[in-house]
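**Q** What follows is each chain in one-letter form.
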Amino acid sequence: MDQAIRRFFDSDLWFSFTRSPVTIVSAIVAAICILGAVFAPWIAPHNPFDLASLNLIDAFKPPAWTEEGAREYVLGTDDQGRDVLSAIMYGARVSLLVGISATVFATLLGVSLGLLAGYLGGAIDSLLMRICDIQLTFPSILVALLVDGVVRAALPREVHADIALFVVIFAIGISEWPKFARTVRGSTLVERNKEYVQAARVIGVPKARIMVSHVLPNVIGPVLVVATLNLGLAILSEATLSFLGVGVPPTQPSLGTLIRIGNDFLFSGEWWITIFPGVALIAMVLSVNLLGDWLRDALNPKLR
Amino acid sequence: MFAFIVSRIFQALPVLLAVALISFAMFAYVGDPVAIMLGQDYTQAQRDALVAELGLDRPFWVQFATFIGNAAQGEFGLSYRLSRPVADLIAERAPATLELAFTAAALALIVGVPMGVYTGLYRNSWPSRFFLTFSLIGVSLPTFLIGILLILVFAVWLGWLPSFGRGDTVALGGWTTGFLTLTGLKALVLPAITLGLFQLTLIMRLVRAEMLEVLRTDYIKFARARGLPNRAVHFGHALKNTLVPVITIVGLQLGAIIAFAIVTETVFQWPGMGLLFIQSVGAADIPVMSAYLLLISLVFVTINLIVDLLYYAVDPRLRIGRGKGGH
Chain A
5 MDQAIRRFFD
15 SDLWFSFTRS
25 PVTIVSAIVA
35 AICILGAVFA
45 PWIAPHNPFD
55 LASLNLIDAF
65 KPPAWTEEGA
75 REYVLGTDDQ
85 GRDVLSAIMY
95 GARVSLLVGI
105 SATVFATLLG
115 VSLGLLAGYL
125 GGAIDSLLMR
135 ICDIQLTFPS
145 ILVALLVDGV
155 VRAALPREVH
165 ADIALFVVIF
175 AIGISEWPKF
185 ARTVRGSTLV
195 ERNKEYVQAA
205 RVIGVPKARI
215 MVSHVLPNVI
225 GPVLVVATLN
235 LGLAILSEAT
245 LSFLGVGVPP
255 TQPSLGTLIR
265 IGNDFLFSGE
275 WWITIFPGVA
285 LIAMVLSVNL
295 LGDWLRDALN
305 PKLR
Chain B
33 MFAFIVSRIF
43 QALPVLLAVA
53 LISFAMFAYV
63 GDPVAIMLGQ
73 DYTQAQRDAL
83 VAELGLDRPF
93 WVQFATFIGN
103 AAQGEFGLSY
113 RLSRPVADLI
123 AERAPATLEL
133 AFTAAALALI
143 VGVPMGVYTG
153 LYRNSWPSRF
163 FLTFSLIGVS
173 LPTFLIGILL
183 ILVFAVWLGW
193 LPSFGRGDTV
203 ALGGWTTGFL
213 TLTGLKALVL
223 PAITLGLFQL
233 TLIMRLVRAE
243 MLEVLRTDYI
253 KFARARGLPN
263 RAVHFGHALK
273 NTLVPVITIV
283 GLQLGAIIAF
293 AIVTETVFQW
303 PGMGLLFIQS
313 VGAADIPVMS
323 AYLLLISLVF
333 VTINLIVDLL
343 YYAVDPRLRI
353 GRGKGGH
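Protein sequence lines, in the order shown, are assigned to chains A and B. Residue numbering for the first sequence is 5 to 308, as defined by our numbering. Residue numbering for the second sequence is 33 to 359, as defined by our numbering.
Chain A on its own, in the form it takes in the complex (with noise of 0.2 Å):
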């Protein structure tokens, strides 16, 4: 373990990190985002989904820093007296749920069928690919809409409700897997023709094992770049969708639903409901991003 550990901060990537003041300040943002997000119902100052604890008294308080603004709410409160800073911790964390189940989901399929595609090749791989090229014709979040759109005309409205969340992290992850099946495949039509895959085929390997624990493993590298890099767009999506409406239920508000709450109260001159959680989604995002762009450069030993 201490090894591991002295290896990590004497690699090249570990350099390239202390290298970069924008990286280290994106790490320390996306690190207060994720840890706010994760540790939400500890550490938040008011727990906004306890009905007993509202009080319509305290509702549209501004940020504490201005004239009417209460110490007790930081950030204000909503139309509801909830605590704005509390919202928007439960918020991103439900935001991250759903950005990092999403890639998760993408990258397994987009994974298993690149590799399918790559290693068998013929008519599964045209068929695949011609899918891949449909698809990339439209862009993401018209996708992800669609099959928001059709799953929810095809469960009849109870039944929805209940897996609204599951519903969204499928639409998203339908609407970015083939960006992982490109590049997998990519690298797998590389690979496949190498001498030790050929010699796992000489000794009789079936093709499945040859694919997951030969090819797959020589493959995975480029796919943690682009899983970074999907991370945000995402988090983005489901927050465009959820302030379209139709993204998580209402019951468990991420920022994009906080966002259309208080875009509401826009007129009436209470910024602060919609701005919060939009500057929160920001930082998450724009950080997440960069980390990505980073890792991107690192892991590339011809920008070294």
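Because the hints were derived from the structure by calculation, they are not lab data. The C-beta atom is built at its ideal place from N, Cα and C for all residues, glycine as well. Each hint should be verified, as a subset may be incorrect.
[Stated by the list, open to error] Simulated restraints, written as ranges between beta carbons of each label pair: (1) D80(B) to S272(A): 51 to 59 Å; (2) I224(A) to L45(B): 33 to 41 Å; (3) A158(A) to D80(B): 19 to 27 Å; (4) G191(B) to A158(A): 39 to 47 Å.
[What the hints assert, rightly or not] Below, a sample of chain A positions facing chain B; criterion: calculated Cβ distance under 10 Å: (5) F174; (6) I263; (7) I265.
Using the hints provided, position chain B relative to the given structure of chain A.
**A** Here is chain B on its own, set in the frame of chain A:
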């Protein structure tokens, strides 16, 4: 040239057919239109009669062929939500979306290309640094937040511009336009900026990167050595050679503009196709969804086709038949 166009059209057809198949499958298998049309109480005999009348008992492929035939004539049936012909609904809203998308794309091009050229030529001047920082904001802010921020500043705090709707429109035949009235033009400003900002920054960055690349090439050095004026070198030689990737991206981004019009139209309550689509998704209104899907894919395929043809016009190397060899 002719053979090239024909082969591209034949490549586009399977895409359209696949999308048509998906739209039809949505029509046929999602939800129960018969139950919706019959209402609460009905007998099995009534149901069978309606199924036969609508032709739902015929084989899948026959129904699919009928669907394509109807779609080609612009016939998509009735909206479940509004009980009006889908074709009428879309025709009413198309002008709003097209005017918005056109203005946004024009804005992105007219502002983005000069900014890109400028930042490419004077890469270390302070306006260039400012433009680059500004473009980072444009790339990382989600569309709906840009819209909300613009509304907050220009509609709520300053009160200069309206924040929703199209203002007054003038009907020209079947087309309603907001270009001819003052309120219509004012209402267009914020949505067009919201929709165009991402494309603007993208075009600027792309033109800048291409300019930097082209300015290093030998033929630019040769043009300078021949003593050509800066203007001729920058615009006649350099900019012209950045156009191929710019055309591709702009063409592909037109599709993205139409997709993100859904978001912009929701923020600004802009009465276009995107708003219609999002209301249909919320209400599971399948006929509108599948018609919109088909229409959008037709637009996308057409744009891709035009981009390919423009390639052909701009890059003489493609005409010699070496295939696509980059720029």
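**Q** Could you run down the list of hints and mark each one as holding or not?
**A** Do the hints match the structure? See the list:
no., hint, result
1, D80(B) to S272(A): 51 to 59 Å, "holds, 55 Å"
2, I224(A) to L45(B): 33 to 41 Å, "holds, 37 Å"
3, A158(A) to D80(B): 19 to 27 Å, "holds, 24 Å"
4, G191(B) to A158(A): 39 to 47 Å, "holds, 46 Å"
5, F174, "violated, 15 Å"
6, I263, "holds, 7 Å"
7, I265, "violated, 12 Å"
Against the hints set out earlier in the document, violations occur for numbers 5, 7.
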